[in-house]
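Engineer: If you read the sequences in order, they're chains A and B. Straight run, no breaks: the first sequence in my numbering ends on number 193. Straight run, no breaks: the second sequence in my numbering ends on number 193.
Treat the hints as calculated values from the structure; they're not laboratory data. Model, not experiment: these values are computed from the prediction. Treat each hint with caution, since some may be false.
Since copy identity is lost for identical chains, a pair holds within one copy or between any two.
Think about it this way: if two alpha-carbon atoms lie no more than 20 Å apart in a straight line, the pair counts; the simulated PhoX-like pairs of lysine-lysine are [stated by the list, open to error]:
no., residue 1, residue 2
1, K84, K138
2, K119, K84
3, K84, K42
4, K84, K49
5, K123, K138
6, K49, K162
7, K162, K123
8, K119, K162
9, K119, K42
10, K138, K162
11, K123, K49
12, K84, K162
13, K49, K138
There are 2 protein chains.
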Amino acid sequence: MNMNTQKIRLLREKLRILERESMGALDQEGACCGLTLSQCHTVMEIGLKGDMSLVDLANSLGLDASTLSRTIQGLVLIGLVVRKANEKDRRYVTLSLSEQGRKVYEEIDGVYNAFLAGVFERLPAAKHERILEDIGLFVDAVRAVNEATGCCRPGRKS
Amino acid sequence: MNMNTQKIRLLREKLRILERESMGALDQEGACCGLTLSQCHTVMEIGLKGDMSLVDLANSLGLDASTLSRTIQGLVLIGLVVRKANEKDRRYVTLSLSEQGRKVYEEIDGVYNAFLAGVFERLPAAKHERILEDIGLFVDAVRAVNEATGCCRPGRKS
DNA sequence: CAAAATAATTGTAATATACAATTATTACAT
DNA sequence: ATGTAATAATTGTATATTACAATTATTTTG
Numbered sequence: 036m037n038m039n040t041q042k043i044r045l046l047r048e049k050l051r052i053l054e055r056e057s058m059g060a061l062d063q064e065g066a067c068c069g070l071t072l073s074q075c076h077t078v079m080e081i082g083l084k085g086d087m088s089l090v091d092l093a094n095s096l097g098l099d100a101s102t103l104s105r106t107i108q109g110l111v112l113i114g115l116v117v118r119k120a121n122e123k124d125r126r127y128v129t130l131s132l133s134e135q136g137r138k139v140y141e142e143i144d145g146v147y148n149a150f151l152a153g154v155f156e157r158l159p160a161a162k163h164e165r166i167l168e169d170i171g172l173f174v175d176a177v178r179a180v181n182e183a184t185g186c187c188r189p190g191r192k193s
Numbered sequence: 036m037n038m039n040t041q042k043i044r045l046l047r048e049k050l051r052i053l054e055r056e057s058m059g060a061l062d063q064e065g066a067c068c069g070l071t072l073s074q075c076h077t078v079m080e081i082g083l084k085g086d087m088s089l090v091d092l093a094n095s096l097g098l099d100a101s102t103l104s105r106t107i108q109g110l111v112l113i114g115l116v117v118r119k120a121n122e123k124d125r126r127y128v129t130l131s132l133s134e135q136g137r138k139v140y141e142e143i144d145g146v147y148n149a150f151l152a153g154v155f156e157r158l159p160a161a162k163h164e165r166i167l168e169d170i171g172l173f174v175d176a177v178r179a180v181n182e183a184t185g186c187c188r189p190g191r192k193s
């Protein structure tokens with residue numbers, strides 16, 4: 036193990052930038068065409084993972100069910116999400132994107148993809164594969180550590 | 036440019052995991068010994084960047100000055116931050132960590148470093164350098180794209 | 001079939017946030 | 001030099017996001 040503290044500190048600075056100054060910016064900004072960030076995350080999660088019950092979606096997003104229930108209420112009101120009772124087990128609701136909801140999902144999806152395509156245009160083509168691979172390795176390891184240490188959620192958010 | 040949409044989608048999934056399931060977890064959890072996440076971010080930012088005025092810190096954190104003013108008030112109350120008037124220009128206050136604030140900063144700093152050291156223990160030593168380099172390249176490119184497209188902030192947060 | 005478990009919602013409270021208005025101070029233009 | 005504009009900080013106000021607790025409806029289980 037020769038990962039010294041200096042290198043880890045540099046990495047932390049990079050991750051901090053990624054989180055706060057950069058990817059965050061995309062969230063705040065254009066990507067979320069008229070939706071709040073919570074609504075946006077919710078729509079994207081349903082679009083990505085497919086139809087789900089409220090508890091499952093809440094787990095997937097790391098939110099309390101009550102919090103998500105209200106977010107969903109808003110999305111149903113503006114016509115992006117459809118909430119229908121599950122006939123097999125009437126305790127559950129099944130959440131899905133409306134036609135309009137899917138359009139929004141695809142639009143935001145497109146913005147993100149275009150953003151990342153732009154990022155890779157700034158990187159030498161010869162390194163694309165390697166960068167993708169290394170980010171993948173890193174994220175998998177981060178996740179593994181988190182799972183090993185038994186993290187977490189929920190608990191009040193900022 | 037041969038970054039196809041499929042690969043970008045995979046990368047987005049990795050970044051999503053990094054943001055929501057993993058690094059976020061560290062924020063929520065142990066790292067922030069009794070502080071709220073806002074307070075924690077504030078302390079870490081002062082610790083990292085050094086003493087600053089309120090506006091500068093607000094910019095650095097991407098927050099409105101009024102929001103930060105209240106966060107600082109809380110941190111002053113619990114004795115982690117010192118707020119003193121700048122004698123050169125009395126409009127400014129100079130924010131710094133108290134002795135106890137610095138201890139908290141160092142403790143959290145240590146938790147983060149230990150976490151990342153743990154992550155790298157799960158990665159083959161031969162790849163450490165490469166992974167560090169590639170994450171650095173990627174983050175720099177993300178930042179460059181963001182700066183080129185004139186992002187952003189503030190605007191309501193989630 | 002009664003009791004326990006589970007899903008969803010609603011009641012309530014706390015926190016984080018931004019925008020607007022205000023106050024204090026400094027810089028600047030005439 | 002003095003009045004006006006700009007800037008930093010704070011306070012007033014409103015909204016959003018969140019979690020926990022209580023409640024209701026439904027299903028599972030002993």
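Engineer: Against this structure, judge whether each hint is valid.
Structural biologist: Cross-check of the supplied hints:
In this assembly of identical chains, K84 and K138 lie within 20 Å of each other by CA distance solely inside one copy; the values are 16 Å within and 42 Å between copies. Only within a single protomer do K119 and K84 lie at most 20 Å apart by alpha-carbon distance; the minimum there is 17 Å, versus 50 Å between protomers. Taking the shortest Cα distances, K84 and K42 sit within 20 Å of each other only across copies (18 Å), while inside one copy they are farther apart (36 Å). Taking the closest pair of Cα atoms, K84 and K49 come within 20 Å of each other only across two copies (14 Å); inside a single copy the shortest separation is 29 Å, beyond that limit.
Taking the shortest alpha-carbon separations for K123 and K138, neither the intra-copy value of 29 Å nor the inter-copy value of 55 Å comes in at or below 20 Å. In the homo-oligomer, the alpha carbons of K49 and K162 lie at most 20 Å apart both inside one protomer (18 Å) and across protomers (18 Å), since each shortest distance falls under that limit. Taking the shortest alpha-carbon separations for K162 and K123, neither the intra-copy value of 50 Å nor the inter-copy value of 50 Å comes in at or below 20 Å. Taking the shortest alpha-carbon separations for K119 and K162, neither the intra-copy value of 47 Å nor the inter-copy value of 49 Å comes in at or below 20 Å.
Proximity of K119 and K42 under a CA criterion of 20 Å is satisfied in neither setting, with 51 Å inside one chain copy and 34 Å between copies. Within a single copy, K138 and K162 get their C-alpha atoms no closer than 34 Å, and across copies no closer than 41 Å, so neither meets the 20 Å cut-off. For a Cα distance limit of 20 Å, the shortest separation of K123 from K49 qualifies neither inside one copy, at 48 Å, nor across copies, at 34 Å. Taking identical chains as interchangeable, the C-alpha atoms of K84 and K162 are never at most 20 Å apart, the minima being 30 Å within one chain and 32 Å between chains.
Taking the shortest alpha-carbon separations for K49 and K138, neither the intra-copy value of 34 Å nor the inter-copy value of 23 Å comes in at or below 20 Å.
Checked against the numbered hints above, the structure breaks hints 5, 7, 8, 9, 10, 11, 12, 13 and satisfies the rest.
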